[in-house]
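Given only the sequences and the hints, what does the whole structure look like? Please build it.
For reference, the chains in residue letters:
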Amino acid sequence: MKLIRVDMNAQKIREENVPDAYAGMGGRGLTAVLIDAEVPPRCDALGPENKLVFAPGLLSGTSLVNTSRISIGAKSPLTGTIKESNSGGKIAACLGKLGITAIVVEGRAPAGKLFVLTVDAQGQAALLDGAAYKGMRTYALSAKLLETHGAKNTIACIGPAGEAQMLSASIQTTDVDDRPCRAAGRGGLGAVMGAKGLKALVVSTEGKSADELADPETFKESAKVFAQELRNNPFTSKVLPRYGTASTMAAVNALGAFPSYNATKGVFDGWEKINGEALAKTITARGGQAQHMGCAQCIVQCSNVFVDEKGKYVTSSLEYETLWSMGGMLGIDDLDTIARLDYLCDDIGLDTINTGVAVAVAMDAGYKPFSDRQAAIEMVEAVAQGTEMGRLIGNGPDAVGKHFNHHRVPTVKGQSIAAYDPRGMQGNGVTYATSTMGADHTAGNMLGLYLGKKLDPLAPEGQVDGSRKVQIGMAAMDCTGMCILAGMGMATPAANEAMFKMIGAKLGKPFTAADYTGMGMRVLKVERGFNQKAGFTSKDDRLPRFFMEEPLAPHNKVFAVSDEDLDKLYNF
Amino acid sequence: MLNVTIKLYGSLPWRVPGYDPEKGLTLELARGACINDLTTCLGIAAEEDVVVAMAGRVARPDDPVEDGATLRIFPVAHGG
Numbered sequence: 082m083k084l085i086r087v088d089m090n091a092q093k094i095r096e097e098n099v100p101d102a103y104a105g106m107g108g109r110g111l112t113a114v115l116i117d118a119e120v121p122p123r124c125d126a127l128g129p130e131n132k133l134v135f136a137p138g139l140l141s142g143t144s145l146v147n148t149s150r151i152s153i154g155a156k157s158p159l160t161g162t163i164k165e166s167n168s169g170g171k172i173a174a175c176l177g178k179l180g181i182t183a184i185v186v187e188g189r190a191p192a193g194k195l196f197v198l199t200v201d202a203q204g205q206a207a208l209l210d211g212a213a214y215k216g217m218r219t220y221a222l223s224a225k226l227l228e229t230h231g232a233k234n235t236i237a238c239i240g241p242a243g244e245a246q247m248l249s250a251s252i253q254t255t256d257v258d259d260r261p262c263r264a265a266g267r268g269g270l271g272a273v274m275g276a277k278g279l280k281a282l283v284v285s286t287e288g289k290s291a292d293e294l295a296d297p298e299t300f301k302e303s304a305k306v307f308a309q310e311l312r313n314n315p316f317t318s319k320v321l322p323r324y325g326t327a328s329t330m331a332a333v334n335a336l337g338a339f340p341s342y343n344a345t346k347g348v349f350d351g352w353e354k355i356n357g358e359a360l361a362k363t364i365t366a367r368g369g370q371a372q373h374m375g376c377a378q379c380i381v382q383c384s385n386v387f388v389d390e391k392g393k394y395v396t397s398s399l400e401y402e403t404l405w406s407m408g409g410m411l412g413i414d415d416l417d418t419i420a421r422l423d424y425l426c427d428d429i430g431l432d433t434i435n436t437g438v439a440v441a442v443a444m445d446a447g448y449k450p451f452s453d454r455q456a457a458i459e460m461v462e463a464v465a466q467g468t469e470m471g472r473l474i475g476n477g478p479d480a481v482g483k484h485f486n487h488h489r490v491p492t493v494k495g496q497s498i499a500a501y502d503p504r505g506m507q508g509n510g511v512t513y514a515t516s517t518m519g520a521d522h523t524a525g526n527m528l529g530l531y532l533g534k535k536l537d538p539l540a541p542e543g544q545v546d547g548s549r550k551v552q553i554g555m556a557a558m559d560c561t562g563m564c565i566l567a568g569m570g571m572a573t574p575a576a577n578e579a580m581f582k583m584i585g586a587k588l589g590k591p592f593t594a595a596d597y598t599g600m601g602m603r604v605l606k607v608e609r610g611f612n613q614k615a616g617f618t619s620k621d622d623r624l625p626r627f628f629m630e631e632p633l634a635p636h637n638k639v640f641a642v643s644d645e646d647l648d649k650l651y652n653f
Numbered sequence: 048m049l050n051v052t053i054k055l056y057g058s059l060p061w062r063v064p065g066y067d068p069e070k071g072l073t074l075e076l077a078r079g080a081c082i083n084d085l086t087t088c089l090g091i092a093a094e095e096d097v098v099v100a101m102a103g104r105v106a107r108p109d110d111p112v113e114d115g116a117t118l119r120i121f122p123v124a125h126g127g
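Residue numbers (our numbering), protein chains in the order written: chain A, 82 to 653; chain B, 48 to 127.
Not one of these hints is a red herring.
Listing some non-contacts, in silico: residues in chain B with all C-beta distances to chain A over 10 Å:
(1) Gly65
(2) Glu75
(3) Asn83
With a straight-line Cα cutoff of 20 Å, these simulated DMTMM-like cross-link-like pairs (lysine to aspartate or glutamate) come out:
(4) A:Lys535 x B:Asp109
(5) B:Lys70 x A:Asp350
(6) A:Lys620 x A:Asp646
Rather than coming from a laboratory, the hints here were simulated on the basis of the structure.
Where is the CB? At the ideal position from N, CA and C, for every residue including glycine.
Here it is in structure tokens:
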């Protein structure tokens, strides 16, 4: 259990035991409490006072399946709030196996300097000159770093967007095939990494010094139970492996909540050309991989490898959110174009969600017509070129909206919504408005409640209570390192009990359902407290006006949850 | 009789040999048929984790099927 602190000002590294105040925390929980304790809330997110924290989940590095999610946290330059963005790949499991609770990047390198941080198989960190990598895109960069440092490493890195400190810049992580195609996309944390002068983090995959479990036998037995529950769950064992996250597209279009053409329609005419079934069919026919293991220890395998007509690699993994942001939002129903845009974002180091929505706003404002495939590709490529339009796109939908004086900008606190329209799924609107992170579907997605007929997605009643419950649950899950999709397997009492037993077996004390809920509540309270100290009030927990004024077809509803009800979300 | 169009997603089309995803299925049901009658007709058991959407809403088993409707049937999803 150690923290590695990297002082970019002096290029010094020091290790310390995890302080008591952070003990028992992992993932988002740790990034939240550490940032709240150590980062001045009103600081410049791109300045030296901000800290960038890489924290594997509490259970990352253990034998439990699907626990290779890394939480990356900082004050966000995009939203101005506290931020946790998590990513898959191998790095969380690798850090866990090295017994590293977190890496904390502090200060700022001298102007113009660029560094690479390495962590070897003994957990020793070193800061190396990274001048040779300046300007490199992530695919070439990852290949070069693995060639230089050896194949038994995994990487988190930024591309040109991060170096240019653009507000939609992501931090890309390498997957099990060593491609930098997994992303901590949200919140512009790639810009924070760029501001610090850190181009990449290279971590050994050969660590053998994971923290000891307090009760290894209980952990082992519970881990088996959890894995079996995942194998028994139809969503994680059948739907996701076959159709990936794109399987969600049928449900959201069927409910009329798929924001299309910059959130002016709730059903995308061409959705059946880009849904999970079409994607799997296309990939399979071309010899790609419709089912693929993207992250370490994953037994769900919802990833895919998209190839072109000649069978050549294009991108991995083409996900629901990107199929939406680069597809439905732009009026593009062509998988090859969307796959190309996904690759470009990964390679340049951009959040596909914020970037697609920025392009959508530009199209809606009349800069280019919807459905113009080439224009979309050119706008994203322009980010890497650093042109004026590229800088607008790279800084996200708000920047584009201001430039064109366009009112329809679907963001909250500067961050774009995801592929669920608040008018067709009112509870997701509550989550977007009230999340501590700006609009963020992973903070509390209500889709499962709607499909399970537990709540009417179009009625304002009950949405705040539903969103609160889901947001607390997600905050807790984000502490564990468990993938959100595998986490859906926790739908059964047996899986829940196994999860609580494993956390208890790791921490060496009984851990109950109430403790789990309490962990989620604590995270949300800490995050909200930070935001309040940064100057945010409940008045910021609102959706853009157009969601209340422009009805969305086919239901022709507006977002109808009252401000008064929104302000009750944090009544706990 | 009621005439409806059925669109199937996920692994559900595999149950219908020759299913055309573009056209879907056209079915005739007795007047007064409900969603449960439809799923029974399609061989979908009550305990299966599938959703039937009609007119942009999640339908309940006892909801009456609307004449001329397009019904979309898909496995439960939780987001991505």
